[in-house]
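Colleague: Each chain is listed here by its residues.
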Amino acid sequence: MHMGKDLVAASATPLVLAILAEGDSYGYAIIKRVTELSGGHLQWTDGMLYPVLHRLERQGHVAAKWSASEQGRRRKYYRITREGRAQLVAQRQQWKAVDGTLRGIWMQGCTA
Amino acid sequence: MTTFADRPLEEQIAQWRAYVSRRQALSRPDVEELEGHLRDQLVALTDAGLAGDEAFLIAVKRMGSLDALSREFARAHSDRLWKQLVMAPGAADGPAQTGSAETLVVFLLAVAAACAIKVPALFGHQLSPDEEMPLFYARNASIFVFPLLAVYFVWKRGSGMVSGLWLALPFAAGAVFANVFPFRPAGDTEVLTVLHLPIALWLAVGFAYVRGRWFADGGRMNFVRFSGELAIYYVLIALGGFVSILFTFMMFRAIDMNPDWFVAGWLIPCGAVGALIIGSWLVEAKQSVIENMAPVLTRLFTPLFTVLLLAFLGTMAWTGSPINVEREVLIGFDLLLVLVAGLMLYATSARDPQAPPDFFDGLQLLLVASALVVDGVALAAIAARISEFGFTPNRVAALGENLILLVNLAWSAWLYARFLRHRGSFAALERWQVAYLPVYSVWAALVVVMFPPLFGYR
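Chains A and B, in that order, give the protein sequences. Residue numbers are given in the numbering used here: position 48 of the first sequence equals residue 48, and the series is strictly consecutive. Residue numbers are given in the numbering used here: position 31 of the second sequence equals residue 31, and the series is strictly consecutive.
Keep in mind the hints are simulated off the structure, nothing from the lab. Ideal Cβ positions, reconstructed from N, Cα and C, are used throughout, including at glycine. Hints may contain errors.
[To be verified] Just some of the chain B residues that point at chain A, by a computed CB distance under 10 angstroms:
no., residue
1, E33
2, L34
3, Q41
4, V43
5, A44
6, L66
7, F73
8, A76
Just chain B, same shape as in the assembly (with noise of 0.2 angstroms):
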């Protein structure tokens, strides 16, 4: 590098290397080429006798308006935008080391959850097509791979060894209660295991993914949106891994053979624990490039569920038709109250907190108060013949998380009302959001170790 003896001279070029940085239309080399050319201008300037703080007025003017330039680089680059989206920054030229690296160790680690999900396969826990998937399987599925998950965010944020082996705590004890208890086959409690394991584990991934700094920097707000997004391109990647499927079943039986055995034994397993480590890589790689999906899809369905529950609601009061409680109703309800939480922390974490309320909010502030009545009504009607049902592990499983959604969506409603009427800040409420988010993992975590044996493994 030519460096300039004038200290302030290189800190101003630094200063001007970030701002032009954080274009996006540039990228790593274009900003590069342009820095070398400031910096000759630089030199011819200061060599004509300029000194350098005048020398770097000047250069900077010669080199036009940022606005302008970016607008034509974006014309001159119109596929970079796209590009990006899969692309580690930086990876056709330019200094690519630690892009090139990510992708070994993303690609080793989805090898490694790979192999991680066929290990069991040699003691005997088969997978083939003719037979149920066993629950083994099932119950242990987030074992196989968010331990690997982990590994990568601890690998890409430089924490150390031993905060490594604290986060392994959490999977070793996931581990064990996943398989020491001697539940009664397709019983209840296993289900239940099934379903929560993955809920009070996703937290330790969430600590990785922090660096363990769980308070800090609105950390877990980033670990939302980068849930939100980690969904989304999981779908994305299980509708390709569907259509490969399809594609493999058409050609190896257009020649007699049956994949079968490959499709059930391989392709699903190992895909799907793979999938989820490269679709980890993939939310990391593309942050901050285009806006996010989650909260793009927020916007569109919470005036559309807010409208549909009003119709419920006011179907309901003018036919005055009971709710008929059935069995499933209670998770049918549970559900949409994650719906509404889900959409509430999304909408949230896409939301500029300064901004003042507007349209938008009072829509939000409408769709949490009528699922809490529609939820409250649902709970009343469930209440009154709860005598008749008798406690089950999967009621009462039902019944805790009703109440913590519950009390989530209530206070959020408080605190949304505030807002919209000045007396409280956006802060607070999303304050509580994120601080709110460890009960449903804690809850998850109850359920799993405490639920079989206190309903007896049935």
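Okay, chain A solo, but in the shape it has when bound (with noise of 0.2 angstroms):
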């Protein structure tokens, strides 16, 4: 299944602060996280992740800090922040939304 750019892009954001809300993480292990999560059906350009979290780092919703990883090299860790949080909450309307919305449309059809 091949997903639009827009609606890629739209997810992002949501999905990155949720996966965060699970625990601090850093680049690639988000993306691992997202394939896994969405059963390989969200394909993300690993690199187009770095924008969005520095995106998100300025807007102030996730913190960043340089520590050492387990083989010793610098990674960049991602930390959620409370005003994260709130957008997530924020997020999660909006998608439950449209997602509601759509559901609506889509069973009459079924129905119908």
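With the hints in hand, could you dock these two chains into one complex?
Modeller: So this is what it looks like as structure tokens:
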């Protein structure tokens, strides 16, 4: 299944925030988690995650810290902030609304 | 670092990193983060049984198109292209040791320059707001700050102690010749020394800039670019300084204090020398981040001056009125040639030598040709009356400079014409321009060393 670019971009923010809400993480692990969660349906170009993370960092939704990884290399870890959690709640409501609307119209189609 | 035992793979990663680093929208920490990602991906892929080069292909492909990526980064960090003007790369986060060490060295050198300019005050050369500035300071201005600038470049380029000591020679010689001659008070030769010593010593700064390799790797042209950018930065800093002086006066006068002595004795001299060091550092720091200013100004003013010169020639031919040979006219036309030579030099510095001739090159030639004609007319007028003037040091110096610039521009025009008719290369013109640079400094040195005794220190 191929997903449109705009939809991928729009879903990136809530997805990243939700994954970080599970616990601190770094770029590569976030992408792996996305693939896992979507069962491979949501394919991101790997590099594109980083501008999203940086934008969230600038907006204050996530905070970043460089620390050593298990192999001793420097790695940038991301953590969700309080504003980020609030943002996640807001996004969740919006997506629920979209989801509910679409469900409503498609269910009608099924019953008709 | 997770390094791979696979040597070719490490080389491929290094190449990829170098390639990615060239993107302006990506800062050093970004590249490090992306490289980390690439390495994680490679580990996963090789663990799954892929060979190193296969894994590399897939990992890079998954990273996505670099163009799209840097566009996204630029959107996420739209301020970055601006911020890099003042911040050393990676100053905010990431490995910044070199950046902060440099900031410290620059700061110390600027303070050292500010102190140096105050040392003569201990020996009775006072700067006070009530008297005119003693010519001692004007004569020695370059000696207070150029050596420190040279020290900065020696440090930055990692040149050895020996070459550093060689560089001290011209500055020492400059200090001697600026101070041993018994100039008559406010004589012409003293003013000539004031004007020419910086030009002579700037060549020594240039040697420090190119690490003593004057003829290698386009270093001279880079020094030309550096000088132009420094001039622009210096003017900007000076404007800021002027504003701060205005505020100093306004505020302290409001509480009935007179800050005259502070402004004239400390703020202006210390600021003037310190700004040169800071300006140089700024030029070095922002190098290659955005397009340089000097070539942009050149593009703006070349057409303007071409039109001006042609209008002047046209008017003169139409009305037939001769040039009114007054005292200052020779210096005026000297300055005109300096300006045209400068426009030419910076146009050359910004041009891709491989590109074919275009409209702007034709315009450049027209500018040089019309400047030559204007100067020729002026020189003819002056030559006709030179016997009336007699030889004063000012006139000999001005005449010499006119000649030097004339030779440069005439040969440049010839090379330009050849280039436009596809008979020669642009590289030849560039080579000529940079090869000619020391001539200015050598002539300036001659004026400083020979003229005072030659004309009896008047």
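Colleague: For a quick check of understanding: which of the numbered hints are violated here, in increasing order?
Modeller: none
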